[in-house]
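Undergrad: Sequence lines, in order, name chains S and L.
Heads up: the first sequence at position 260 corresponds to 276 in my numbering, and the numbers run straight through without jumps.
Heads up: the second sequence at position 331 corresponds to 1065 in my numbering, and the numbers run straight through without jumps.
Since the hints were made in silico from the structure, they are not lab data.
A hint or two may mislead.
[Stated by the list, open to error] Which residues of chain L face chain S? A partial, calculated answer using Cβ under 7 Å:
1. T961
2. R962
3. T1010
4. L1062
[What the hints assert, rightly or not] What the simulated footprint calls covered on chain L by chain S, stretch by stretch (three residues with Cβ under 8 Å from a Cβ of chain S suffice, anywhere in the stretch; the number is not a length):
5. 977-988
6. 1024-1037
Computed from a prediction, not measured in an experiment: that's the story for all the values here.
The beta-carbon is built from N, C-alpha and C at its ideal position, and this holds for glycine as well.
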Amino acid sequence: MKKLLIALASATALLATSAAAQEKIKIGAAPYGLNAEFMQIWTAALQDHPAVKSGEVELTVFDGRYDALVQHDQFKTMITQKYNAIIFAPIDVDAGASAVQSAVDAGIPVIGSNTRVNSDQLTSYVGSDDTVSGYLEAKSVLDKIGCKGNVVIIEGPVGQSAQIQRLQGNKKALAECPDVKVLEDQTANWSRAEAQTLMENWLTAHPNQINGIIGQNDEMALGAIEAIKAAGFDVKSFAIAGIDGVTDALRAAKAGEMTSILQDARAQAQGALDLAIFNAKKGNYKPESDIWTTYKDMPWNDGKDKTYNVPWTPVTTENVDQLLSTRK
Amino acid sequence: MPNHSSTYQPDQGQRVRPAAEEQAVSVSDNKSAGGWFKTEQRRLIVQEYGIFLAFLLLVIILSFSNEFFLTGGNISNVLLQTSINGVLAIGMTFVILTRGIDLSVGSVVALAGIVSASFATTSETAGVIGSPYPVAIGLLVGVLVGVVCGSISGAIVSRFSVPAFVATLGMLSAARGMTLIYGGGRPVPALTPAFRWIGTGDVFGIPAPVIVLAVVFAVSWWILNRTRFGRYIYAVGGNPHAAKTSGINTDRIRFTVYVISGGLAGLAGILLSARTGSGLPQAGVAYELDAIAAVVIGGTSLSGGVGRVTGTLIGALIIGVMNNGLDLMGIQSYYQQVLKGALIVGAVMLDQKRNFGA
């Protein structure tokens, strides 16, 4: 009898705790991979969201390990465990679509963030338009060289959506300066070391001819800077730009060696989380992140928009110290 | 000297092809010994110089294709760009000579690179407490990280008889994971000028990493050609059973080659950090493949016992020269990959023909 009572008591206790847990909103975040700094900042921003800190939301991050299949399986897990909403940054534009479909079929809203997916089933998408960043960075290089001279472009892995769109933006800016010649145009696969080697070879192949360097991300621009330094040239006599606003690039920008276009991982993450909570609570929620007040150009619009475009922030000498202070 | 090489061959009683540097000496000494040496001699010339001739041919073609290829600055660039892969490939040669493989070197490069950088950074948040330390500490720590990784792989291979492919595949994953844990996935920036000198400095115009590669090469050549340990490596790779019955501690030899490969991967990681100016968590991905390619192009057999560190060096130079030359000509890197693939397979096909055909 006593045993039964204990069993009963513990069962009630169990029920009570699980009921309490159910009141919490369960949100799964599925970033494509956690190896690079950008996604580290993105994930940290999710954990730092007021609703997560207050315990209102239970957040689980699934590392996609740069594999579409891994992400697909993680969606299955989240569906089985009845998550209330999913934040999705897919590795692949096309392969992510079926994962989104399966979640939507199970009645789970999916919010896109950072990377795009070819699906009209996303409830909303919070990201930044890469054609804009490609245009802005190329423009900054072209402005600095006065719309004449020679430039090189260091591209991301050919075929990735960021590479395709940034190149579109690069070309749009270059079309405005018909006198500028593109001497070289190759991929360094987002890698600093690869870009360094490439730039060393280009400096040899085009002695004293390169005026501007358009790196499609900061890492590659930083590699080019190292190559220029190693070859004994003055970095400041080149116009160099990258994209993303990683910490090393902010430092280089502060030193006047390059410009960077900051992609706001924090806004992309927290914006997506606000939308996820909003949809999980069926509209009974006011956004808690401060990003909505920071970016006047991106209004909340009652959570109804399909696409939220987080504006790019060119890193300048005025804002670089403030940006650096947000990095630990 | 010739006596030296002809005495140890029968000792091991197996198909051990000692380093050809010595063979060339012994052959020229025995020129008059009869008809057998004529074909053998021809075979050795192709084997010894074939790869070198291929290298020269490549250099000649490239220097006619691009006016900047044969300039002093570019030669220095090629050597600089070859140094990291060269150091890795020499370590890989030791392992492959014993019939092993080390797939972990790329990840070990990243781990050693970021750990050594954390001892050499002036950044308050990215470094270990007390950083920056003197260069020697950073160097020591980097090599030590590599040695520890190599020791683990080596122990697993030699004591637990796990296939090298599996053991080092495990290390490839584990070391990459540890790199990300250690640095929190972020680069370690702002390295001291003294540490960076290892990657960017020069002595009389010769880049420091090239000097490192030269020293590594010289020491490795000496170990493989002039020491008992070197002969044992060939013996273990040529015929492990015979080596064991003749009293060689084969486990210890197999353990040690992974320690060497790991230590050199650690050194390569230091070079990479010093060269790029940051400890990069993403560094070294797929470097093991370029290292293996250099070894194979250089004529070392994946079935062990046969090969030379000189060939490996030239193999690494061929890859470096090809990448550089094609960059200079503005040819897309995709073609470079196709050419490298063709070169690897071509080199081994030639090797097969030398050994079993013709």
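Undergrad: It remains to establish, for every hint, whether it holds in the given structure.
TA: So, going through the hints one by one against the coordinates:
1. T961: 34 Å, violated
2. R962: This hint is violated: L:R962 lies away from chain S, its Cβ roughly 38 Å from the closest one there, beyond 7 Å.
3. T1010: Where the cut-off is 7 Å and the nearest Cβ of chain S is about 5 Å from L:T1010, the hint holds.
4. L1062: 4 Å, holds
5. 977-988: violated (count 0)
6. 1024-1037: It is violated, with 0 qualifying residues against the three required.
Of the numbered hints given earlier, the model fails hints 1, 2, 5 and 6; all others are met.
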